[in-house]
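From first to last, the protein sequence lines are chains A and B. Following the numbering used here, the numbering of the first sequence begins with 93 at its first residue and continues without gaps. Following the numbering used here, the numbering of the second sequence begins with 208 at its first residue and continues without gaps.
Quick caveat, the hints were computed from the structure, so don't treat them as lab data. Check each hint, because a few of them may be wrong.
Claimed, not checked - Restraint-style ranges between C-beta atoms, simulated for each label pair: (1) Asn301/A - Gly606/B: 45 to 51 angstroms; (2) Gly355/B - Ala401/A: 41 to 47 angstroms; (3) Asn614/B - Asn301/A: 48 to 54 angstroms; (4) Asn491/B - Asp411/A: 53 to 59 angstroms.
Stated by the list, open to error - Some chain B residues well away from chain A (every beta-carbon gap over 10 angstroms; in silico): (5) Lys266; (6) Asp271; (7) Thr334; (8) Arg335; (9) Lys336; (10) Gln347; (11) Ile401; (12) Gln409; (13) Glu428; (14) Tyr624.
All C-beta atoms in this analysis are idealised placements derived from N, C-alpha and C, irrespective of residue type, glycine included.
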Amino acid sequence: MTTLVDTKKLTMVQAVTDGMRVMMKEHENVIVLGEDVGQNGGVFRATDGLVAEFGENRVIDTPLAESGIIGTSIGLAMNGFKPIAEMQFLGFIYPAFNQIMTHASRIRARTLGHFTVPMVIRAPFGAGVRAPEIHSDSVEALFTGMPGMKVVVPSNPYDAKGMLVSAIEDPDPVLFLEPMRCYRSTKMDVPEGKYNVPLGKAARLQEGNDVTIFAYGAMIEVVMKAAKSAEEKGIKCDVIDLRTLYPLDKEMIAESVQKTGRAVIVHEAPGTGGLGETIMSLINDTSFLYMKAPIERVTGFDTPVPMFALEDHYLPSADRVVQAIEKVTQF
Amino acid sequence: MVEVKLHDIGEGMHEGEVIHFFVKAGDSVKVDQPLVEVQTDKVTAELPSPAAGTIKDIKVKEGDVVTVGSVILTIDAASAPSSQKGEEATESKDQPVVEKIVKAPSHTAFAGGIATLNKRVLAAPYTRKIARENGVDIEQIVGTGPGGRVTDQDVYNYIEQPSASVTEVTSDRSVEEKATASTRVYSTSEPEEIPFKGRRKQIAKKMVQSLATIPHVTHFEEIDVTAVMDLKKQLKAMDPDNKRGMNVSVAAFFVKAIQIALKDFPIFNAKLDEEKEVIRLEKNVNIGIATDSDEGLIVPVIQKVEQRNIRDIAVDMKDKITRAKTNKLKGSDLTGSTFTISNVGPLGSIAATPIINHPEVALMAFHKTKKTPVVIGDEIVIRSMMNVSMSFDHRVADGATAVMFTNRVKELIENPYFMTLELI
Numbered sequence: 093m094t095t096l097v098d099t100k101k102l103t104m105v106q107a108v109t110d111g112m113r114v115m116m117k118e119h120e121n122v123i124v125l126g127e128d129v130g131q132n133g134g135v136f137r138a139t140d141g142l143v144a145e146f147g148e149n150r151v152i153d154t155p156l157a158e159s160g161i162i163g164t165s166i167g168l169a170m171n172g173f174k175p176i177a178e179m180q181f182l183g184f185i186y187p188a189f190n191q192i193m194t195h196a197s198r199i200r201a202r203t204l205g206h207f208t209v210p211m212v213i214r215a216p217f218g219a220g221v222r223a224p225e226i227h228s229d230s231v232e233a234l235f236t237g238m239p240g241m242k243v244v245v246p247s248n249p250y251d252a253k254g255m256l257v258s259a260i261e262d263p264d265p266v267l268f269l270e271p272m273r274c275y276r277s278t279k280m281d282v283p284e285g286k287y288n289v290p291l292g293k294a295a296r297l298q299e300g301n302d303v304t305i306f307a308y309g310a311m312i313e314v315v316m317k318a319a320k321s322a323e324e325k326g327i328k329c330d331v332i333d334l335r336t337l338y339p340l341d342k343e344m345i346a347e348s349v350q351k352t353g354r355a356v357i358v359h360e361a362p363g364t365g366g367l368g369e370t371i372m373s374l375i376n377d378t379s380f381l382y383m384k385a386p387i388e389r390v391t392g393f394d395t396p397v398p399m400f401a402l403e404d405h406y407l408p409s410a411d412r413v414v415q416a417i418e419k420v421t422q423f
Numbered sequence: 208m209v210e211v212k213l214h215d216i217g218e219g220m221h222e223g224e225v226i227h228f229f230v231k232a233g234d235s236v237k238v239d240q241p242l243v244e245v246q247t248d249k250v251t252a253e254l255p256s257p258a259a260g261t262i263k264d265i266k267v268k269e270g271d272v273v274t275v276g277s278v279i280l281t282i283d284a285a286s287a288p289s290s291q292k293g294e295e296a297t298e299s300k301d302q303p304v305v306e307k308i309v310k311a312p313s314h315t316a317f318a319g320g321i322a323t324l325n326k327r328v329l330a331a332p333y334t335r336k337i338a339r340e341n342g343v344d345i346e347q348i349v350g351t352g353p354g355g356r357v358t359d360q361d362v363y364n365y366i367e368q369p370s371a372s373v374t375e376v377t378s379d380r381s382v383e384e385k386a387t388a389s390t391r392v393y394s395t396s397e398p399e400e401i402p403f404k405g406r407r408k409q410i411a412k413k414m415v416q417s418l419a420t421i422p423h424v425t426h427f428e429e430i431d432v433t434a435v436m437d438l439k440k441q442l443k444a445m446d447p448d449n450k451r452g453m454n455v456s457v458a459a460f461f462v463k464a465i466q467i468a469l470k471d472f473p474i475f476n477a478k479l480d481e482e483k484e485v486i487r488l489e490k491n492v493n494i495g496i497a498t499d500s501d502e503g504l505i506v507p508v509i510q511k512v513e514q515r516n517i518r519d520i521a522v523d524m525k526d527k528i529t530r531a532k533t534n535k536l537k538g539s540d541l542t543g544s545t546f547t548i549s550n551v552g553p554l555g556s557i558a559a560t561p562i563i564n565h566p567e568v569a570l571m572a573f574h575k576t577k578k579t580p581v582v583i584g585d586e587i588v589i590r591s592m593m594n595v596s597m598s599f600d601h602r603v604a605d606g607a608t609a610v611m612f613t614n615r616v617k618e619l620i621e622n623p624y625f626m627t628l629e630l631i
């Protein structure tokens, strides 16, 4: 059975806005707060038009104090609101780290389940848009090591809206990371109404039997390009968009590597302490005996993201990914 | 202190008998110097020294049977580098440079020796998984991948290659008798004892295993070998010095005839896998040649006979039988047979009930050739006649099939020019 739905072509940032709009319409207790999110529409215009539609009581411009934004959101969430807090850049989240680590992520455990913190923290992240260094940080691993909070990263407009809806509906705090490079890089048909893309489920973007590539966010475009080059050389890649970084979709990761016996993990965050290490452990725990070659990682370097002139050298390129694919297949 | 252990010399051996020590405690040894001679169930091998040093402690006696992994002796390797230092210190500056170069590698060899003792197999986890699932000890496999890594294909090849086994000898003289004939003393009243171990024990084990599991049936046939012997003579006459390799043995024709007949009756070139309930028809025809040696029965294998001509077979067979008799076969010479023949004719014998080389399905023994009056048409003529005994596994094949197979072998040997139709 085919169900026809109305769609419109949206960029990722427009899909994010649409997701918030749909949920604010449906639930009066959904509110947005952050720096310049009101009249200004947010640093990337993600909240554009929301204040006009829902008023200043639900779209709140805050002082420049990330710890205050998150602390306030935690209190609102515990008292019946569903706040969506915007960080202008993920790299600006550090002052709020204490609020997230010591309260947001563990109130459910601390109160033995009596209270939850149903809030969403939206944060643009990643390099590749020529922003200065702290603006470009990929520090998602700081939060994937924080039990109690989900960390999700869409890589396209459809997933962005559907996952944001799921994040807002989730009873626990969700860090919703938006890859800046994907904000306006592509348009896609996005359903107009409400729909869910489930959290905790990865997506298989391409089917192949030779090697599995794991990536997320802005790296999806890079690995798809690499997978195409590999295919010209006769190597068929299983490409998995992880989408949710915590909790990981362990079943799909294991299923794919057990099929291919080879894995390449790609992320732009530094290799040390990066999510790639967690995935390697997971593969070791579930699929060691299936592995035909050591796992390869293509990551950013163990340095802060450099100034923009060097940004392209820092970021994993399709060429580097192809080299890794060849390395694992020729082992 | 370096422990010299009995390592697996090849093909998954479990134990070996210490035949002879070349060294005694206190001797100083160099790397690769032979230390001890060990008899396994298939070969006699010398274990070389993994390190330079002084023999410290010999843990076993000659005649002892030791299991793989047991320490045979220890070497005080610490003495080697210091003595070398001493040598170097006393070396005059006038000594040729070459001398120093020769000495230097001993350190490298020392390290290599240790590494050999503590063998680490390189293999990906998936490769190990395949090996484990097939009950294969990955340490027995020689890797062909980069850096000697065992690849998936190496494991598959190893699985396909059945382990070497020995078969019954249809010789009419006893190996024990031969081994002891010169030393037997008739004047004593005490019975003489011969140790029942090593290859003899291994042969016994194989025989029991084969006879206990396979319901044997043997049938007999007589074959007129006059034509093939005439052909051999003609070939020899054309190449008296064997410069063109035309001087081939009659047995090589037998091997080829068997292989051609196996093509028509592949059920005899097979293995019964009871566990999986399948009869596995082998792709290649590898003929084991039951050979009598001073150490007992041994079965070198002529590989892939279907891809080889009669001259090749003759050369290979001669080489392997010679090496079998001088105990110089390698492990790889003894593996992979799919059908075994026992050519006892040169020793005598007119008939036998050979025991199959388990887990093969059949074995054919060729007996003595003698000139016999036979009736051809209505005339009595003298022909060279030979009996064959064909033992087969009655679980896998029936008598009629075995008779048809033997008839085909007979037809080919009696009319050797038929084989020209099968040339590849």
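Against the range 48 to 54 angstroms, how does the distance between the Cβ atoms of Asn614/B and Asn301/A compare: consistent or not?
For Asn614/B and Asn301/A the Cβ distance comes to about 50 angstroms; the hint holds.
For Lys266/B, is the shortest CB-to-CB distance to chain A above 10 angstroms, so the non-interface label stands?
holds (38 angstroms)
Least C-beta distance from Asp271/B to chain A larger than 10 angstroms
holds (39 angstroms)
So does Gly355/B sit 41 to 47 angstroms from Ala401/A, Cβ to Cβ?
holds (46 angstroms)
Would you check whether the claim that Lys336/B is not at the interface survives, using Cβ distances to chain A and the 10 angstroms cut-off?
Its Cβ does come within 10 angstroms of chain A, the nearest being 4 angstroms, so this is violated.
Looking at Gln347/B again, its CB stays over 10 angstroms from all of chain A?
The claim holds: Gln347/B sits with its nearest Cβ about 19 angstroms from chain A, beyond 10 angstroms.
Evaluate the given range 53 to 59 angstroms for the C-beta pair formed by Asn491/B and Asp411/A.
Roughly 46 angstroms apart at Cβ, these two residues miss the hinted range, so it is violated.
Using Cβ atoms and 10 angstroms as the threshold, tell me whether Tyr624/B really stays out of contact range of chain A.
holds (50 angstroms)
Are all beta-carbon distances from Gln409/B to chain A longer than 10 angstroms?
holds (34 angstroms)
Test the statement that Glu428/B is away from the interface with chain A: the closest C-beta pair must be farther apart than 10 angstroms.
Glu428/B clear of chain A: closest Cβ-Cβ about 52 angstroms, beyond 10 angstroms.
Is 45 to 51 angstroms right for how far apart the beta carbons of Asn301/A and Gly606/B are?
holds (49 angstroms)
Verify that the Cβ of Arg335/B lies farther than 10 angstroms from every Cβ atom of chain A, and report whether the claim holds or is violated.
Incorrect as stated: the minimum Cβ-Cβ distance to chain A is 7 angstroms, not above 10 angstroms.
Checked against the numbered hints given earlier, the structure breaks hints 4, 7, 8 and 9 and satisfies all the rest.
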